[in-house]
Amino acid sequence: MEYTILILLLPFLSFILTGLLGTRLKPVAAGTFGTAVTGIVALLSYWTAFSYFGAGRNAEGIYPTMIPWNAEWLPFGGSLHIDLGILLDPISVMMLVVISTVSFMVHIYSFGYMKGERGFQRYYSFLSLFTMSMLGLVVATNIFQMYIFWELVGVSSYLLIGFYYTRKEAVAASKKAFIVTRFADLGFLVGILIYGFYTGSFSFTPDSAVIGTAKVFLPLALGLMFIGGAGKSAMFPLHIWLPDAMEGPTPVSALIHAATMVVAGVYLVARMFPLFIGYAPEVLHITAYVGAFTALYAAVVACVQSDIKRVLAFSTISQIGFMIVSLGVCTSSDPHAGGLGYMASMFHLFTHAMFKALLFLGAGCIIHAVHSNEMSAMGGLRKYMPVTHITFLTACLAIAGIWPFSGFFSKDEILAACFAFSPVMGWVMTFIAGLTAFYMFRLYYNIFWGRENRELHAEHTPHEAPLTMTIPLVFLAAVTLAAGWIPFGNFVSSDGQAYRIHIDWSVAAVSLCVAAVGIALATWMYLREDRKVADSLAVRFSGLHKAAYHRFYIDEIYQFVTHKIIFACISTPIAWFDRHVVDGFMNLLAYVTQKFSWVIRGMQSGYVQRYGIWFLGGALGLAIVLLLV
Amino acid sequence: MVHMEYYLIVSTIMMFVGIYGFLTRRNLLAMLISVELILNSVDINFVVFNRFLFPEQLEGFFFSLFAIGISAAETAVAIAIIINIYRNMRNIQVKNLNRMKW
Numbered sequence: 001m002e003y004t005i006l007i008l009l010l011p012f013l014s015f016i017l018t019g020l021l022g023t024r025l026k027p028v029a030a031g032t033f034g035t036a037v038t039g040i041v042a043l044l045s046y047w048t049a050f051s052y053f054g055a056g057r058n059a060e061g062i063y064p065t066m067i068p069w070n071a072e073w074l075p076f077g078g079s080l081h082i083d084l085g086i087l088l089d090p091i092s093v094m095m096l097v098v099i100s101t102v103s104f105m106v107h108i109y110s111f112g113y114m115k116g117e118r119g120f121q122r123y124y125s126f127l128s129l130f131t132m133s134m135l136g137l138v139v140a141t142n143i144f145q146m147y148i149f150w151e152l153v154g155v156s157s158y159l160l161i162g163f164y165y166t167r168k169e170a171v172a173a174s175k176k177a178f179i180v181t182r183f184a185d186l187g188f189l190v191g192i193l194i195y196g197f198y199t200g201s202f203s204f205t206p207d208s209a210v211i212g213t214a215k216v217f218l219p220l221a222l223g224l225m226f227i228g229g230a231g232k233s234a235m236f237p238l239h240i241w242l243p244d245a246m247e248g249p250t251p252v253s254a255l256i257h258a259a260t261m262v263v264a265g266v267y268l269v270a271r272m273f274p275l276f277i278g279y280a281p282e283v284l285h286i287t288a289y290v291g292a293f294t295a296l297y298a299a300v301v302a303c304v305q306s307d308i309k310r311v312l313a314f315s316t317i318s319q320i321g322f323m324i325v326s327l328g329v330c331t332s333s334d335p336h337a338g339g340l341g342y343m344a345s346m347f348h349l350f351t352h353a354m355f356k357a358l359l360f361l362g363a364g365c366i367i368h369a370v371h372s373n374e375m376s377a378m379g380g381l382r383k384y385m386p387v388t389h390i391t392f393l394t395a396c397l398a399i400a401g402i403w404p405f406s407g408f409f410s411k412d413e414i415l416a417a418c419f420a421f422s423p424v425m426g427w428v429m430t431f432i433a434g435l436t437a438f439y440m441f442r443l444y445y446n447i448f449w450g451r452e453n454r455e456l457h458a459e460h461t462p463h464e465a466p467l468t469m470t471i472p473l474v475f476l477a478a479v480t481l482a483a484g485w486i487p488f489g490n491f492v493s494s495d496g497q498a499y500r501i502h503i504d505w506s507v508a509a510v511s512l513c514v515a516a517v518g519i520a521l522a523t524w525m526y527l528r529e530d531r532k533v534a535d536s537l538a539v540r541f542s543g544l545h546k547a548a549y550h551r552f553y554i555d556e557i558y559q560f561v562t563h564k565i566i567f568a569c570i571s572t573p574i575a576w577f578d579r580h581v582v583d584g585f586m587n588l589l590a591y592v593t594q595k596f597s598w599v600i601r602g603m604q605s606g607y608v609q610r611y612g613i614w615f616l617g618g619a620l621g622l623a624i625v626l627l628l629v
Numbered sequence: 630m631v632h633m634e635y636y637l638i639v640s641t642i643m644m645f646v647g648i649y650g651f652l653t654r655r656n657l658l659a660m661l662i663s664v665e666l667i668l669n670s671v672d673i674n675f676v677v678f679n680r681f682l683f684p685e686q687l688e689g690f691f692f693s694l695f696a697i698g699i700s701a702a703e704t705a706v707a708i709a710i711i712i713n714i715y716r717n718m719r720n721i722q723v724k725n726l727n728r729m730k731w
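Listed in order, the protein sequences are those of chains V and R.
Position one of the first sequence corresponds to residue 1 (the numbering used here), numbered consecutively onward.
Position one of the second sequence corresponds to residue 630 (the numbering used here), numbered consecutively onward.
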């Protein structure tokens, strides 16, 4: 299966070509080229998945891990070396399919969405770069290769958030995203170094004999790696960059900040899962608590936001929280006894990528139609945009967890895993699932029903998006409808054995009821033109409403800590020391040198013959010295 | 048979005449001629030492031939430079050429 290397090389080629040719290429040509390449990559990924899973299980009943391509890149001596290669196992193959599908859809969609934008070629070039790095991340053969592509993903996210670089907010958002995730990646890097030092390799599956000596440090290393994952996956309190990242073009939000890049942290934990479960189960459970808190926090905030992309951003954070919780509640690697969460998490990652991309692309169509992100500019759009309406509703039902949409199946498995871990965790996650249903339908009603902004719509009638934008919607909606029926446990499970998904109806019934209550509540509050209930609630709980609207002032706290404490008390003195003491010493040296040179530069008269005399005198002097000595 | 010393005396005189000229002439062309005198004195030395000390070898002759060739090229370059200086400054008096400092 050496051809899998093409999955990485083709998008890289596309990045180089469209990036270097730039505006010398016609926008349509750049777009077509990028889309065609991504299409080929998607086909290759499907073929890889088909032949990988088609090859069947080995004697132990698991799909073998394959490394079809590998090169030693940087040997450090001993067993420590950094390789670059391609690793195929069930989760990486699954991720290949997810990433290339969503990326392909976004490439097609961007034709319509970015039409006529300045920098169209640059946009496609960055999209290719992102696709390449994300694919490289998931097929990494070792933790260091993963880190390299991890950073590449961060860079391309930065470039795409700041795509509209003339807008101040976009520039600020891109910087914020980069700095926050870089800060988290510091933890990741330190974790990798500790891991490499004590296990003597960067491999995902180190020698178990070596691990014995590293027992104390392995949980520390894994915990530090999780900090990196928490940064990319926007776990509390490192989530602050993701809502701001919505300043980027909407298809980018769909691809990077909803479907693929933000689940990198989940993927990292899943990749290290055998080590987590074997040597650091406590750290794994800590991630579960972090994830649960993040899911709750983001769900509450999502209930009151007015910018539709921000609602979706917080819903993404909340859903990633679900995935992390699901991984974190695993207590063994046997799916029948406490290891169900692994499969559930990957399943939810898969379904979430599809329906969240669909939601974002739908939101893109809506923004395209009304030229605003604010809910106040919308309302009653169902008449104008039937395709967007239906597909958006599909995705809302899926994320709310309604049978038979895909979200139901994956969320049900997550809840079952949570209940198996502890009933408290189970009920908390069920409650958050209810909140999810509520805020998604609040969003849905506010966009498509509810109070219509008639003045705005009369002035500029909203229209359905062009075909290039609706085709991806329809495709993703079809996937959302069908994905739940995939026998996912057959392909991915914590111990690699086939696991038959069975719906636990006691859990499913509860979650369905809670989701139905959430939807009913949202219908009651937001369906009609007047929103008496919602408005009166907002007034009665104005403190809570305001705090949630301002995201519980987390950004302000960050602002305070960075500006008032770090900048004022630490950075300013250090800067003073640098300017006055370090630079001062160098300036002194330069000053002395300059003054001295003024004294002796009279010797440089510029007259050739005077130099000649000096030369002759020197030569004679040397000759005399040589004769005498 | 003329002794080797006579040749060396001639070349030494040429050498110091050249150095003196190089240091005292006020004209770039005259300085160039002085430099050629120095070079030629060295060439004479090469030939003389070869002829008297190692008569069975030819390195000295060839080396002086090379030196003549190189000095011809060098003279061409120098004259080109001098012509350019003349075009820029309308004379080639050394005392005016003091711009090449700090």
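Simulated from the structure, these hints should not be mistaken for lab results.
Ideal placement from N, C-alpha and C gives every residue a C-beta, glycine not left out.
Just so you know, not all the hints are guaranteed correct.
What the hints assert, rightly or not - Here are some, though not all, of the chain V residues that point toward chain R, as calculated from beta-carbon distances under 10 Å: (1) Tyr607; (2) Val608; (3) Arg610.
Claimed, not checked - Counterexamples of contact, computed for chain V against chain R with all Cβ distances above 10 Å: (4) Ile194; (5) Leu467; (6) Gly606.
message: Under 10 Å is the threshold here; is the Cβ of Arg610/V close enough to any Cβ of chain R for the hint to stand?
response: holds (9 Å)
message: If we take the beta carbon of Gly606/V, is the closest beta carbon in chain R still more than 10 Å away?
response: violated (3 Å)
message: Would the hint on Tyr607/V be counted as holding, given a Cβ-Cβ threshold of 10 Å to chain R?
response: holds (5 Å)
field: Outside-interface status for Leu467/V - nearest CB in chain R farther than 10 Å
entry: At roughly 70 Å from the nearest Cβ of chain R, Leu467/V sits farther out than 10 Å, so the non-interface label holds.
- prompt: Regarding the assertion that Ile194/V does not contact chain R, is the least Cβ-Cβ distance greater than 10 Å?
  reply: Holds: least Cβ distance 56 Å, greater than 10 Å.
Restraint satisfaction for Val608/V [CB to CB of chain R, less than 10 Å]: holds (6 Å)
Hint compliance for this structure: hint 6 alone is broken.
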